[in-house]
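Enquirer: Please put together the full structure from these sequences, using the hints given.
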Amino acid sequence: MTSANSSLGKFIREQREITARRLPLAALSVLMYFLYDIFGTAMAIQRERASIYIDTDDAVLTFAARGARIVSSWMGFRGIGWFICVVGAILLGIQGFAYLYKTSTVDFYLSRPEKRSTRFCAITVNNFLIYALPSLLGTLLAFLLTVLNGCAAGWLFSEMLLAWLCQTVMFLAILAMSTAASLLTGTVVTAVLMNAFFFGIEALFRLTVYFHMSAYFRTFDDSGDQPIINRFLLLPPYHYLKSITGSPAYSITDSSYGYANMLQIAKDALPGVLFNLIIFAVFIVIAFYLYRTRKAEHAGLSVTHRAVCVFIKFSAAILFSLDAGLFVYWIFGRKSASELVAVILTILVTIFVGCALLETIFAQNIRDAFHRFYQVPVIAVITLIVMFAFRLDITGYDRWLPDASQVESAWLVNYNYNLEDVDEFGSYISQNSLIKKRMFLTNTEDVRELARIGQEMRCRYDDNSYNEFPDDQAYYWNAIVGWRMKNGKIVTRSIDIPENIDPALMDRIVKTKEFQDGVYRLENADTIRESAKRISGASRFNLYVNTEHGVSTGSDSMLDEFLKVYAGDVHNHYSFTMASANAPVGCVEYRVSDNGWRNRYYGISWPVYESYTDTIAFLDRNGLWCGGFITPEEVARVEILRSVWDEDGEYSENLFTSDDTAQIREIMDASMSTTYTSAWYRYGSTSCLDESNVTYDINVYAKRGIIYNDSDDDSYAGDEACFGRVFLNDRIPSYVKDRS
Amino acid sequence: MIALEHLCKSFGSTLAVNDVTLNIKEGEVFGLVGTNGAGKSTLLRLVTGILSQESGSILVDDMPVFDNPEVKQKIFFIPDDAYFFPGSTSAVMCEYYRSIYPDFDKERFDHLTEGFRLDTKKKISEFSKGMKKQLMVILGICSGARYLLCDETFDGLDPVMRQGVKSLMAQDMSDRGLVPVIASHNLRELEDICDHVGLLHQGGVLLSEDLADMKLGLQKVQIVFNSDGDREEATKDLNILLEEQRGRLYTYTVRGERSYVESHFRSVNPLFFEVLKLSLEEIFISETEVVGYDIRKFILG
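Chains A and B, in that order, give the protein sequences. Residue numbers for the first sequence follow my numbering, beginning at 1 and rising by one. Residue numbers for the second sequence follow my numbering, beginning at 1 and rising by one.
Any given hint could be a false lead.
Calculated pairs, DSSO-like style, for lysine-lysine (alpha carbon to alpha carbon, straight line, at most 30 angstroms) [stated by the list, open to error]: (1) B:K106 with A:K10; (2) B:K123 with A:K102; (3) A:K511 with A:K489; (4) B:K132 with A:K10; (5) B:K277 with A:K102; (6) A:K115 with B:K25; (7) B:K132 with A:K102; (8) B:K122 with A:K102; (9) A:K102 with B:K129; (10) A:K115 with B:K106; (11) B:K25 with A:K295; (12) A:K10 with B:K123; (13) B:K129 with A:K295; (14) B:K132 with A:K115; (15) B:K121 with A:K10; (16) A:K295 with B:K132; (17) A:K10 with B:K122.
Hints are computed from structural coordinates only; laboratory data are not their basis. From a predicted model like this one, the values you see are computed outputs, not experimental measurements.
Expert: Here it is, written out as structure tokens:
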């Protein structure tokens, strides 16, 4: 007991003594958390109290619920208090061991009769306490404030504490990194720079590689799901934010947010928290080692270890000069001889200046700017090799095709599908993610052949003379092909599928059940309903049938039967050959609405082709089918628009308008509807971009009374519904061209 | 006892301490002399455990000092440029050292600061250089540490304070066996306090010997001979280290027992004869010249 008391007493005395020497930082910590936690929470509650009469949308909610919600967004996982942690951890990491930067303080502290390990632990604990005590106290007081305002909720208290815990782990990770960085230096200025290096070098490296791949590799898929920028191992705030903001429940901000959502965010935050714990463990060991082996004479040096200087110099000079070169490439916009010269010169100048700057910092003397000048050409050679490796695609990135035996499955995304879905918490997910999750093509030889053709097509720019754009304006479908390798790796390539692709090859892919199930929601209706219900505020679910003849509203109960019939039609009739030659005649949508019949931002769409006879019959049987495309007889007039492309861009003009029945019929016969999305349809107008760089668009205006509408969709309001069409290949009437 | 054996320490390409072997015994005041850059401060910082040696050993009471709190508790280091907490007072520093040194004597601190007229409520930053040195000595004395390592501590103290500090040390030496180790480049400063002196030059030890032994074996005399023949007769069998002449007055520094040297000179019945007290400086000049160094170049500048 006595011993424990004595140890505790000694600990408290020691911490008080250390804190006394760091009063400005401790005071700053208290001030920041007072302002953020207490003052900020009070302001947020006050604002909510004042706005209850104004915000009619949420008037149904009590002030208590609204108050809890606003405090949750301020003090919970959505709060920005993490930023104080980041700044605080870096400041404390630098300041904690700053006494090692001056001989007088080094002598003072290192002559103390205490083990180095004891002092290291004492300072690290003190760093933690300076952050943790004010922040935890602030959190508790903020909750007390919430209680006093009658806005308390159990889940809110849990969320505030869990958010604090996650931030605290992030703080520890940053603190450990900052301490390690600071212990590699001998002055405050270089400690700050070393911190910037520690926290920035990995991101700089990854972004440099990413942008070089994006700039120089034609088949690079820059849709954002690239592993190279998908994780930043040495960036604790990234782990914290990614795991929390990546949680599906994070996007739920309305009154439905509660304990389950909060718990879900906390669960989803766990990987980030664990990763930050690992960072903390690794870097605190490194920091301890650096402290134990640090020599007193390192005080005043810029960087304590020569090897670190060399590493910093090489990595920073190479990455910054590469980025500078890339920036010049972007300015030129395309590869050329003069661009190459400019890029190389930029790289060399950046290396020269960068090395001089770094040597000046290392030596803390500008006269040493050209010290170790022999390293400059070495860095220049390495940088140019790296730059040319990307530029000339030495690794064969654009030519890479997987060995089919190594592929488990593949997926293919045609951007024209415009799919959307929500995950289990109602958050929208991208088309790429959706198809990646749903499509598992096993005919990998066919996909490989398609990828080969698509990659060659995509690389045609670079293969055309000296990297000039090709003259041909052949139409293509931009797509992404993804490979799930048997070793667990995911590889994606951006490809251009040429319009003249072998239909047989495409059919071998598009006609597979795996492909069709991947792009169309054909599964059990209840699964779709479950997804729809996750949309915030969703209370009504309906089927809508859209054609050029109007929009009909069906009931949710029809969904089960519709899906069965539609799936049969898709599996029987959907193919590349069919879809490339025909535009859909209509589409069925499953939409989500709230009580006020306002459509929420979610709608699953199923295109209906003329060949989907069972679907059309089903819809007709249920009184939902209004007819397919409008006929020339139902058209009041057509309008021809001409778009001209020149060096300054595109401009459009109304070429002429016609209400002549014969002319309307002729124009409609020579054109196709663009009303509904069609992934593989060969649009004539694009390929009709002739040598005059002219394209044509057709607006077709329906006669009054033709359009049926029983929905709340006001896009059909008015008597003159307008539909878009484009001319088919080589079917532009001569009088249209003549008028141009 | 502090025992240094073949101690080496370098900073980059500079060899600051080169194969130093020294013993600092209990019950004596050890003086460490040398020019600026000779390695005195480095040696003290090594003994304090601030620096770690590259080779050799440092044992304080038979225990290594580096990262050893048990040993470091026996040592109090007063650097040339002492550090005090920003904005602190003597009382604050006293409290700080009390928390570190369990044997710190607070009552004595109060008594001594009063005696030295140091205002414990006044900010140390407002103290003069000498007052800061006094405060550090008082803190060191009151810490209860057995070894008091002073780096140029007497530099900046006025003669009265210097005497006061010396008295304090003397008192603690007799009371509790304090072992002061005093580094200085000023030989005159150390002369009347040190029992044993180590001379450092360019990182190495030129000499380490008891001052009393040195003085016993060296004599300085002033003499006026009756004739040159007497002078030749008197000096022919003596080991004369230095000889100066001003008119007919000769000054000799001679190695040998006092009685032996005195009898030699008196045997020629000189007109004037006197045995002078040797300064530490003169002892060093004499001793180092023997080992081939012209000490005046680096001690006296």
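Enquirer: Of all the hints numbered above, which does this structure not satisfy? Sort the numbers upward.
Expert: 5
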